[in-house]
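Student: Top line first, the protein sequences correspond to chains U and F. The opening residue of the first sequence carries number 1284 in our numbering; numbering runs sequentially from there. The opening residue of the second sequence carries number 1284 in our numbering; numbering runs sequentially from there.
One should not assume that every hint holds.
Same chains, same names: a pair is fine if it fits in one copy or spans any two.
Dumping the calculated DSSO-like pairs for lysine-lysine here, alpha-carbon to alpha-carbon at most 30 Å [to be verified]:
| hint | residue 1 | residue 2 |
| --- | --- | --- |
| 1 | 1460 | 1433 |
| 2 | 1433 | 1478 |
| 3 | 1321 | 1433 |
| 4 | 1338 | 1430 |
| 5 | 1437 | 1453 |
| 6 | 1437 | 1451 |
| 7 | 1404 | 1478 |
| 8 | 1286 | 1404 |
| 9 | 1404 | 1494 |
| 10 | 1430 | 1478 |
| 11 | 1286 | 1478 |
| 12 | 1321 | 1460 |
| 13 | 1437 | 1321 |
| 14 | 1345 | 1494 |
| 15 | 1430 | 1494 |
| 16 | 1494 | 1433 |
| 17 | 1345 | 1458 |
| 18 | 1430 | 1286 |
| 19 | 1437 | 1478 |
| 20 | 1343 | 1494 |
| 21 | 1437 | 1404 |
| 22 | 1430 | 1451 |
| 23 | 1430 | 1460 |
Hint data in this document are derived by calculation from the structure and do not stem from the laboratory.
Protein chains: 2
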Amino acid sequence: MEKVIVLLSGGMDSLVCAGLATRDHQNVYALHLNYGQKTSAREHISFDEICNHYKIPLEKRKIIDMTFLQQIGGSSLTDENIAVKNYKGDSTVIPDSYVPFRNSIILSLAVSWAEVVGATKLYIGANHEDSPGYPDCRPSYYEAFNKVIKEGTKAGNIEILTPVINMKKKEIVLKGKELNVPFNLSWSCYKSSAKACGQCDSCALRIRGFKEAGITDPIDYQQA
Amino acid sequence: MEKVIVLLSGGMDSLVCAGLATRDHQNVYALHLNYGQKTSAREHISFDEICNHYKIPLEKRKIIDMTFLQQIGGSSLTDENIAVKNYKGDSTVIPDSYVPFRNSIILSLAVSWAEVVGATKLYIGANHEDSPGYPDCRPSYYEAFNKVIKEGTKAGNIEILTPVINMKKKEIVLKGKELNVPFNLSWSCYKSSAKACGQCDSCALRIRGFKEAGITDPIDYQQA
């Protein structure tokens, strides 16, 4: 039975990936990376609750501590000295929440674990609209990374899948609705771990996505 | 002044890279990754001594703790339950010291740091003869990775250099001699942190390289 891994941050994009992976595969593993983001404890809870929902057993879950990224610095998500800015609607500027080359670090770790457990597919909820300024959220980046995997792994048979990469947030919400994913268990806010702030980039995109889809977001916001 | 980073494990291949980088550039940074290998404390000493030798100031050195790789497992270098085997001379088998996709994790971190400090070149002492069974030591792997960097970084201007990748160990020794690198400060053994064992894959290749080059290896061995 083919093994697949879902990179599950706990956000709605990765949740929809979990919905797709569990719909199409029976042997699903889940990987969560704690890279020292301010909301990491809250995301950890979402990870566990989503895994419980999809009946992913404990031995197929892994959380890797990547807090060493704080030693590299350069991002408001990991550096306590850089404040997370509110959303300004300018999608051409690379957000200050950017951790340089972060997705390559994440993908490399995920491929490493995939090779150990023998998984051949990796679902990742990268989304181009979500992060237009992040160079490592572009489809061409994932194509290039899949070539690195072919060259750099023993069997060359691990493939990264980015099923929501070209979707608008609205379409992701609708896809999640179709798959009946537990949106109430997901967490998107970059800024707060209690109630979602409703103001950061990630909240702003999520709120707009639900609004455009005409669906009520089941989570609570401080202000929206 | 262009900034460059040398990935400095403390072994002789990375030492020769440090010799090349400091010959050709004035603004050199050094990165060492502790990924939980059994000889990591000894390699750390070599890293510091080589940096001292090349007058790389403390603020341009970085050691990143990657011991989380032990959570992924699958290698004798990081897993205490897998013994490091002695060299058998069979270069077609992937050694048990293989950490899956390890070089991609290392390169991703190095590129991340390069983006933070503004470095545009990364020297890495990957060597094809050294590790013929490691898929991520092939030149084609590095070509593919450079494409990922172009796609996945803000400026796309960071390049990985692998100056010794196609050299025989003998040629690396001769290049080091030409550059007058401090071979006495380097550490290659996978197995021992006191005197080099002289038996593991890495010792065997080093000993043969010096022998073929007709140069005396300045470090001591338990047996050779």
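Student: Are the hints correct? Go through all of them and say.
Tutor: Going through the hints against the structure:
1. For the homomeric pair residue 1460 and residue 1433, neither the shortest alpha-carbon distance inside one copy (34 Å) nor that between copies (36 Å) is at most 30 Å.
2. Taking the closest pair of Cα atoms, residue 1433 and residue 1478 never come within 30 Å of each other, the shortest separation being 42 Å inside a single copy and 38 Å across copies.
3. With identical chains, the CA atoms of residue 1321 and residue 1433 are at most 30 Å apart between copies only, with a shortest distance of 29 Å across copies and 34 Å within one.
4. When the C-alpha separation of residue 1338 and residue 1430 is checked against a cutoff of 30 Å, the pair qualifies neither within a copy, at 32 Å, nor between copies, at 38 Å.
5. Only between protomers do residue 1437 and residue 1453 lie at most 30 Å apart by alpha-carbon distance; the minimum there is 27 Å, versus 39 Å within a single protomer.
6. Taking identical chains as interchangeable, the C-alpha atoms of residue 1437 and residue 1451 lie at most 30 Å apart only when they sit on different chains, with a minimum of 23 Å there against 36 Å within one chain.
7. In this assembly of identical chains, residue 1404 and residue 1478 lie within 30 Å of each other by CA distance neither inside one copy nor across copies; the values are 34 Å within and 43 Å between.
8. In this homomeric assembly, residue 1286 and residue 1404 come within 30 Å of each other (Cα to Cα) only inside a single copy, at 7 Å, whereas the closest approach across copies is 37 Å.
9. For the identical chains of this complex, residue 1404 and residue 1494 are neighbours neither inside a copy (32 Å) nor across copies (46 Å), given an alpha-carbon limit of 30 Å.
10. For the identical chains of this complex, residue 1430 and residue 1478 are neighbours neither inside a copy (41 Å) nor across copies (41 Å), given an alpha-carbon limit of 30 Å.
11. In this assembly of identical chains, residue 1286 and residue 1478 lie within 30 Å of each other by CA distance neither inside one copy nor across copies; the values are 35 Å within and 43 Å between.
12. In this homomeric assembly, residue 1321 and residue 1460 come within 30 Å of each other (Cα to Cα) only inside a single copy, at 29 Å, whereas the closest approach across copies is 49 Å.
13. In the homo-oligomer, the alpha carbons of residue 1437 and residue 1321 lie at most 30 Å apart only across protomers (23 Å), although the nearest pairing inside one protomer, at 36 Å, exceeds that limit.
14. Within a single copy, residue 1345 and residue 1494 get their C-alpha atoms no closer than 33 Å, and across copies no closer than 46 Å, so neither meets the 30 Å cut-off.
15. Taking CA atoms no more than 30 Å apart as the test, residue 1430 paired with residue 1494 passes in neither setting, with 38 Å inside one copy and 38 Å between copies.
16. In this homomeric assembly, residue 1494 and residue 1433 never come within 30 Å of each other (Cα to Cα): the closest approach is 40 Å inside a single copy and 36 Å across copies.
17. Taking the closest pair of Cα atoms, residue 1345 and residue 1458 come within 30 Å of each other only inside a single copy of the chain (26 Å); across copies the shortest separation is 44 Å, beyond that limit.
18. For the identical chains of this complex, residue 1430 and residue 1286 are neighbours both inside a copy (20 Å) and across copies (28 Å), given an alpha-carbon limit of 30 Å.
19. In the homo-oligomer, the alpha carbons of residue 1437 and residue 1478 never lie at most 30 Å apart, since the shortest distance is 45 Å inside one protomer and 32 Å across protomers.
20. Taking the closest pair of Cα atoms, residue 1343 and residue 1494 never come within 30 Å of each other, the shortest separation being 35 Å inside a single copy and 48 Å across copies.
21. With identical chains, the CA atoms of residue 1437 and residue 1404 are at most 30 Å apart both within one copy (15 Å) and between copies (27 Å).
22. Proximity of residue 1430 and residue 1451 under a CA criterion of 30 Å is satisfied in both settings, with 26 Å inside one chain copy and 27 Å between copies.
23. When the C-alpha separation of residue 1430 and residue 1460 is checked against a cutoff of 30 Å, the pair qualifies neither within a copy, at 33 Å, nor between copies, at 37 Å.
Of the numbered hints listed earlier, those contradicted by the structure are 1, 2, 4, 7, 9, 10, 11, 14, 15, 16, 19, 20 and 23.
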